[in-house]
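**Student:** Sequence:
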Amino acid sequence: MDASGLAPLKRALISVSDKTGLAERAAKLADAGVELLSTGGTLQALRDAGLEARDVSSVTEYPEMMDGRVKTLHPRIHGGLLARRDNEDDLAAMAEHGIPQIDLLVVNLYPFEETARSGADIDACIQKIDVGGPAMIRAAAKNHDHVAVCTDMRDLDKVLEVMAEHHGQTTLAMRRHLAGKAFARTAAYDSAIAARFEPEVEKPAQSWFTIGGPRLEKLRYGENPHQDAALYQAPEQRPGVVSARQIQGKALSYNNLADADAAFELVSEFDPEERAAAVIIKHANPCGAAAADDLATAYERAFAGDPISAFGGIAAFNRTLDAKTADAITKIFTEVVIAPDADEAALDILSSKKNVRVLLTGALADPTQPGWTTKAVAGGLLVQERDTGHVLAQDLKVVTKRAPSEGELADMLFAWRVVKHVKSNAIVFAKGGTTAGVGMGQTSRVEAVRLAARKAEDAAKENGWDAPRTTDSACASDAFFPFPDGLLEAAKAGARCIIQPGGSVRDEEVIAAADEAGLAMVFTGMRHFRH
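Numbered by the working numbering, the letters in the sequence shown go through residues 1 to 531 in order.
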């Protein structure tokens, strides 16, 4: 590298797993006077394309061995990548040991991530762990003062462009940019490997936590226009917004993605074999959710739960979207529709609303699948297990004199599924498999009850009902009632039964208040805080 930061590019080592675009780009390097070194299948592909390429084994004077596991792990390769062109000792060592200078490294790694995503067993995944590739990438990136490194074949286009502008030389700015990308690539690669090994180790979480993946999309902005944002792919295999096919509509925003994820995770709580379910989300909170015999009815009931908030919301479904449901969706402005699938009639109807984003995931998310959630804090990262907790009827403890009826029990369990996905403090009233009122994000549980009740009253006015649907409803609380006041507010709103975790030092007072009000109450023994 001279004082201007320019470095000549005379020799390139190319060893790629994905050979898309290889021949065309390698030919341009050769036309620019660059000598090509290569290995195994890449070497054969270059020669099949009519290009002259030198076998790495002619440099190392060792054959590829152990089924190709050992080919580039050699001082003559790493010396050629790491040698400092302005260091006399390095140059002398190169001359003494016959080490050729390598000015460009082009490597994309064995497809470990794709193999892991395919559901392959641990042994098959291990076979796809690249060793020599990351070692060379790190060597070249460390020595980016002199060496350019491409971990993506498309980066070669920029290298060729810069070479054309600078008479066969590369710039320090470009090499540094590529080096940063290279280190990010190997970090993400190792993160994917660590993630695949995670199920093989015991709890608690490992002492080092890694997360990483490729950028899938540069977003217009984040939560607000002044915030930069992008969508990245994580190693976890889970149906949802990342794996979904977007059928129509504008590009998804940061907020669209966050809200659609919240909607799909909630609707996935409902088994499509049992009942159809629809969820409407606004600002990551459910404003309506319902289960019914068919999807259109479920959507109509979910919408009626809070028709004001539903405007501009996200609609999620647990079954294949049909024409009747699609027609109902088009009656108001909806930002995103997400479902496992949609029939042609439904897609045809939705196509009349060009701005509606339609996402098809192919499957529902498994609410019991283990995994991690992360949250950034200043100087760190909070990591916890995904909330996979769920309860069945037999898990509930009846604590009041009156036991719930069969219908009340069904409504309590429905409300409990929903409250798990509401920001704390959270209260959900439900009746007939439909949310009647949702109170979220309040600093006191009493206020959460009051908010949910008020929303039920507003919905009754909007729909022209004689009374809010909180009358004779079930009420779910994401955490225990610390005092009787919140429970009594729920009874005042019309609740006839309560489902809550229990565990307060004042449980006996709360139970006594429930008995006096004639309520049935059950404890789950499980909390669902969601901050």
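Please keep in mind that the hints were generated in silico from the structure rather than gathered at the bench.
Among these hints, one or two may not hold up.
Unchecked claim - Straight-line distance between alpha carbons at most 27 angstroms, and here's what the computed DSS-like set of lysine-lysine pairs gives: (1) Lys-324 with Lys-218; (2) Lys-354 with Lys-423; (3) Lys-354 with Lys-324; (4) Lys-331 with Lys-461; (5) Lys-10 with Lys-142; (6) Lys-10 with Lys-128; (7) Lys-331 with Lys-397; (8) Lys-354 with Lys-282; (9) Lys-375 with Lys-401; (10) Lys-218 with Lys-10; (11) Lys-158 with Lys-10; (12) Lys-142 with Lys-250; (13) Lys-282 with Lys-331; (14) Lys-250 with Lys-331; (15) Lys-19 with Lys-181; (16) Lys-423 with Lys-401; (17) Lys-354 with Lys-375; (18) Lys-353 with Lys-375; (19) Lys-28 with Lys-10; (20) Lys-28 with Lys-250; (21) Lys-218 with Lys-158; (22) Lys-423 with Lys-282; (23) Lys-158 with Lys-324; (24) Lys-128 with Lys-250; (25) Lys-492 with Lys-461; (26) Lys-218 with Lys-397; (27) Lys-354 with Lys-331; (28) Lys-250 with Lys-218; (29) Lys-397 with Lys-375; (30) Lys-324 with Lys-375; (31) Lys-282 with Lys-461; (32) Lys-28 with Lys-158; (33) Lys-324 with Lys-353.
**Student:** If a hint holds in the structure, say so; if it doesn't, say that too.
**Tutor:** Outcome of the hint check:
1. Lys-324 with Lys-218: Judged against 27 angstroms, a Cα distance of about 35 angstroms means the pair is violated.
2. Lys-354 with Lys-423: 31 angstroms, violated
3. Lys-354 with Lys-324: Answer holds: Lys-354 to Lys-324 is near 18 angstroms, not above 27 angstroms.
4. Lys-331 with Lys-461: Roughly 19 angstroms separates the two Cα atoms, so the pair holds.
5. Lys-10 with Lys-142: The hint holds at about 19 angstroms.
6. Lys-10 with Lys-128: Violated. Lys-10 to Lys-128 sits at ~31 angstroms, over the 27 angstroms cutoff.
7. Lys-331 with Lys-397: Cα-Cα ~43 angstroms, so violated.
8. Lys-354 with Lys-282: Holds, because 21 angstroms separates the two Cα atoms, which is no more than 27 angstroms.
9. Lys-375 with Lys-401: 42 angstroms, violated
10. Lys-218 with Lys-10: Answer violated: Lys-218 to Lys-10 is near 34 angstroms, above 27 angstroms.
11. Lys-158 with Lys-10: The hint holds at about 16 angstroms.
12. Lys-142 with Lys-250: 41 angstroms, violated
13. Lys-282 with Lys-331: Roughly 17 angstroms separates the two Cα atoms, so the pair holds.
14. Lys-250 with Lys-331: Between Lys-250 and Lys-331 the Cα gap is close to 19 angstroms, so the pair holds against 27 angstroms.
15. Lys-19 with Lys-181: Holds, at about 19 angstroms.
16. Lys-423 with Lys-401: 31 angstroms, violated
17. Lys-354 with Lys-375: 34 angstroms, violated
18. Lys-353 with Lys-375: 35 angstroms, violated
19. Lys-28 with Lys-10: 13 angstroms, holds
20. Lys-28 with Lys-250: Violated. Lys-28 to Lys-250 sits at ~37 angstroms, over the 27 angstroms cutoff.
21. Lys-218 with Lys-158: 19 angstroms, holds
22. Lys-423 with Lys-282: Holds, at roughly 12 angstroms.
23. Lys-158 with Lys-324: Answer violated: Lys-158 to Lys-324 is near 50 angstroms, above 27 angstroms.
24. Lys-128 with Lys-250: 37 angstroms, violated
25. Lys-492 with Lys-461: Since the Cα atoms of Lys-492 and Lys-461 sit roughly 18 angstroms apart, the hinted pair holds (cutoff 27 angstroms).
26. Lys-218 with Lys-397: Distance of about 49 angstroms is beyond 27 angstroms: violated.
27. Lys-354 with Lys-331: 14 angstroms, holds
28. Lys-250 with Lys-218: Holds: Lys-250 and Lys-218 sit about 14 angstroms apart, inside 27 angstroms.
29. Lys-397 with Lys-375: 33 angstroms, violated
30. Lys-324 with Lys-375: 39 angstroms, violated
31. Lys-282 with Lys-461: Holds, at about 20 angstroms.
32. Lys-28 with Lys-158: Roughly 12 angstroms separates the two Cα atoms, so the pair holds.
33. Lys-324 with Lys-353: 15 angstroms, holds
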